[in-house]
Amino acid sequence: MAEFLAYLIAGIATGAIYALAAIGFTLVWQTSQTINFAQGEFVMLPAVLVLLAIKLFGAPIWLGALIGIAAFILIFGVGFKLTVVDPMIRHGVLPLAIATMALSIIMKEGAKDGFSAEAQKFPSFVPTETISVFGAAISLQHVAIIAVAFGVIGLLQWFVGGTRLGRQMQATAQNPTVARILGIPVERMVLLTFVINAALAVVASVLISPIYLAKFSNGEVIGLFAFIAAIVGGFNQVRGALVGGLIVGIVDSMAAAYISTSYRLAVPLVLLVIVILVKPEGLMGRKEERRV
Amino acid sequence: MTAPATHSAAPAARRLPLPGFVDGTLLTLVAAAVILWFAPSGMGRYGTYVLSLWLVMSVAVMGLNLTLGYAGLKSLAQAAFMGIGAYATALLTSKVGLNWYASFAVSGLITFAVGLVLGFPALRVKAHYLAFVTLAFSTLIWLVLRNEQWLTGGVFGLSNIPRPSFFGLKLDGALAFHRFVVVVTFLLAVVLWWMIRSPWGRAFTALRENPIRAASLGIDTRMYTLLAFAIGSAYAGFAGALYAPLVEFIDPSPFSLSQSFFLLLMVVAGGAGYLLGPFIGALLGVVLPEWLRFAGSLYLIIFAGIVMLLLIACPQGMSGLLERGWAKLTGKKEGAR
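For the protein sequence lines, the chains are A and B, in the order given.
In terms of the working numbering, the first sequence has 399 at position 287, counting the first letter as 1, and numbering is strictly consecutive.
In terms of the working numbering, the second sequence has 81 at position 56, counting the first letter as 1, and numbering is strictly consecutive.
Hints were generated in silico from the structure; no laboratory data involved.
Every residue, glycine too, gets a C-beta built ideally from N, C-alpha and C.
Hints should not be assumed to be uniformly reliable.
According to the in silico footprint, chain B covers these stretches of chain A (three or more CB under 8 Å from chain B) [to be verified]: (1) 180 to 194; (2) 197 to 203; (3) 221 to 232; (4) 277 to 290; (5) 384 to 392.
Taking beta-carbon pairs under 10 Å as the criterion, some of the chain B residues facing chain A (in silico) [said to hold, decoys possible]: (6) Pro146; (7) Phe157; (8) Val158; (9) Met220; (10) Ile326; (11) Ala352.
Based on the provided sequences and hints, a complete structural model is requested.
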């Protein structure tokens, strides 16, 4: 039982990371039909940039973090939208999706060649100790990940549903034409979702890297699970991506513990196929509807 | 979008006393096969190997071109399918003792069947779900190749894969096997050429251009997209069946997810929806890095960068660029497409 509790907490923690990535993924999908195959690399890169900034400028950790994060949001939030998505979307969804695959290769190989092929330590902002709850050894880092991730997701939910700007964004996602008629600056709203996506990736990256270490290939698994989370939960909304992320995280953790460590990756894949067969619109999704 | 070479070479073909079904693409294929048959003279073992590898990868890219370029589906498991073909052939020829030709057929059949099974649930929903299902499948195959040591040899892979013989003629030498690869590749390319021109192929193209119109004209869109994907996957199986005896040693690494991404980029670089595009794409992706050795692993970044630039400037890839250049030279308007 104590063991189960520990695996559950670990699963929720990684699930929260997948949820952050999946939410960003659905946001840009809804507002601009961008299927971002580089989403995993988006979560990998901020940590690498932070470490790079610390190494290059000899900056203290907080300054390095600031530079790395700012550079990432600028390049992969605003820059990605302006230089990749905008010129490409004219040609359709397919070329854009392929361009994001090319981008994922560039990001991965770039991190390998420009930074390091080895996993690097990433500073943790909470002590790496465990506490005992009902006899289970629970990592403080996992608790911190859950707290921060849920805080951020709650904030996002409030922003989308409770503020004027957020509602404008939602209107853009649902029907860009009508949104434009109503005087909503659609272009700026789309750009905003890309910035939010980059910011969510930064949060996920900073949270997960102390545990997984900063490594160029981290994005592969995170990206795969983010896609699975988005589909399992339902493409339509933040809530779906959140639920999907948590399910995938918990299933993954339990599979590793109770089924097989070498096939832990396979279990969420099976889950994906089952969901596509039984409820293709996702557990939380409704057919043919787009919401933020 | 019809195959461009058909357009540019059509008048030339009419002037020559050739049967009506011959077009520029077929002539190019024949000419290229003849050139490649003799090309390796003086290139040495390694040069010959690189040429053969180029053709083998071209077969896989050709299959993906059918899936992506003609049917408009994203498959992220082409390298995984190639892995299935390679491992099936390696196991059947070295462990079971089956001859290569039967193993080749079995590899194609297995990948075709897996393609059907995988494509059916995904295409029931939406075309882009296939991307996610194949993404997951790719990872799964990689896990199996790495973990099932009793069958696949795990990370140590399989070695001593025998090369086929041709009516008692041994094909163990680099040159002899290269010529064998040329013939097989040529045949597979001609089959695809024929398929694209047949009513089947026209249906594939109709799907990509306007699925709703295609459906209203009575084309069973779901069946055709599924078939396009399954045949494309079978070509990856064929490529794998050639790859295993070519390198004589296989391990899981060339069949990973990144490799599937890479194959997809080759399709786009060469020109999706052009029959000869895959050869150009594989040339850029396989042969060029051998010449640009000094670039090392940076080459992958350069290649991906080139593909992104191509996607922005000319989504039809290198074939599209060549076509534009040709149109400029001959002063023809580009409106033919």
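Hint-by-hint comparison with the structure:
no.	hint	verdict
1	180 to 194	violated (count 0)
2	197 to 203	holds (count 3)
3	221 to 232	holds (count 4)
4	277 to 290	violated (count 0)
5	384 to 392	holds (count 5)
6	Pro146	5 Å, holds
7	Phe157	5 Å, holds
8	Val158	7 Å, holds
9	Met220	22 Å, violated
10	Ile326	5 Å, holds
11	Ala352	20 Å, violated
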